[in-house]
Amino acid sequence: MTRLDRAWFARDAREVAVDLLGCTLVRRFPDGSEAAVRIVETEAYRGTDDPASHAGRRRTPRNDPMFGRPGTLYVYFTYGMHYCMNIVCEPEETPAAVLIRGAVPVRGAEHLRARRPGVPDRLLLNGPAKLTKSLELDLAFNRYDLLAANGGPDEACGGKALRILPPDSPPPGYRATPRIGISAGTDLLWRFVAEGF
DNA sequence: CTTATGATGTACT
DNA sequence: GTACATCATAAGG
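In short: position in the first sequence from 1, add 71, done, that's our numbering.
Just so you know, these hints were derived from the structure itself, not from any lab. Every value quoted in this text rests on a predicted model; they were computed, and no experiment measured them. Be a bit skeptical, because a hint or two may be false.
[To be verified] Below, simulated EDC-like cross-link-like pairs (lysine to aspartate or glutamate); rule was C-alpha separation at most 16 Å, straight line: (1) Lys231 <-> Asp216; (2) Lys231 <-> Glu86; (3) Lys204 <-> Glu105; (4) Lys231 <-> Asp120; (5) Lys204 <-> Asp216; (6) Lys204 <-> Asp239.
Required output: the full structure, derived from the provided sequences and hints.
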C-alpha cells in the first residue's frame with residue numbers, strides 16, 4: 072500500500088490533493104480520546120501561477136508555512152473566527168498546499184459531536200472550518216509535522232495528536248470542479264470531491 | 001431544498 | 001477602507 076512519506080507529499084499539489092481522497096486522519100484529543108475521519112473533499116493551492124493562493128504574490132509571515140517541509144500543516148485564521156487546515160506539498164521552498172475541505176466520520180464520532188453541540192453528523196466535517204472545529208485544530212497546529220514521530224506543538228497523552236493513514240480501500244473515483252470561495256483563478260478545476268464510496 | 005445576511009480579526013491596498 | 005480558501009441562521013419555495 073502507498074507509503075505516505077516525505078516524497079509522497081513533495082509531489083505536485085494537484086496530484087496530492089487527488090491522492091488524499093480516501094485517506095484517514097486520526098485525531099487524538101487532549102483528553103486521550105480518538106476520532107478517525109476519511110477525507111472526501113480537497114483543494115490544491117500553488118504559489119506560482121495561482122492567483123487564488125495565499126502565496127500567489129510574495130512570502131509573508133502568514134503564508135510562510137506554505138514554503139515549509141512537505142507533510143507539515145499550514146493552518147490559518149480567516150473571517151475573524153474560523154480556522155482552515157492545509158497539508159503542505161511540493162519540495163521545501165516551493166509554496167503549495169492542499170486545503171482539507173471535507174471528511175466523513177469513521178470512528179469516534181461522539182468525540183466530534185462533543186465539540187459541535189446540536190450539529191447533525193452530516194454537517195460535522197463538510198466544510199474546512201467545520202472540520203477544524205470538530206477536530207479541535209487551531210493555530211497551535213500551524214507547521215505541525217504529520218510525518219515526524221513527534222509532530223510538535225501538542226503531544227500530550229502519550230500519542231501523536233494527529234496522524235494520517237493511506238486509504239484502506241482502493242482510491243475512490245473523483246470529480247474536479249472550480250474551488251469554492253475564491254474570486255480569482257475560478258477557471259482552474261483544482262477542487263476534488265470523492266465519489267463512489 | 002434555495003438565497004440572503006451578519007459576525008468577526010487580520011492582512012493588505 | 002476593503003477583502004477574505006466561512007458558517008449559522010432566517011426566510012422563501
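So, going through the hints one by one against the coordinates:
Using a Cα cut-off of 16 Å, the hinted pair Lys231 and Asp216 holds, with the two alpha carbons roughly 10 Å apart. At roughly 26 Å between alpha-carbon atoms, Lys231 and Glu86 are farther apart than 16 Å, so this suggested pair is violated. As the CA atoms of Lys204 and Glu105 are separated by approximately 15 Å, the hinted pair is consistent with the 16 Å bound. Proximity of Lys231 to Asp120 is assessed by CA-CA distance (about 35 Å); at most 16 Å being required, the pair is judged violated.
Distance restraint check for Lys204 and Asp216: the Cα-Cα separation of roughly 19 Å exceeds the 16 Å cut-off, and the hinted pair is therefore not satisfied. A hinted pair counts as satisfied when its Cα atoms are at most 16 Å apart, and Lys204 with Asp239 does not qualify at roughly 25 Å.
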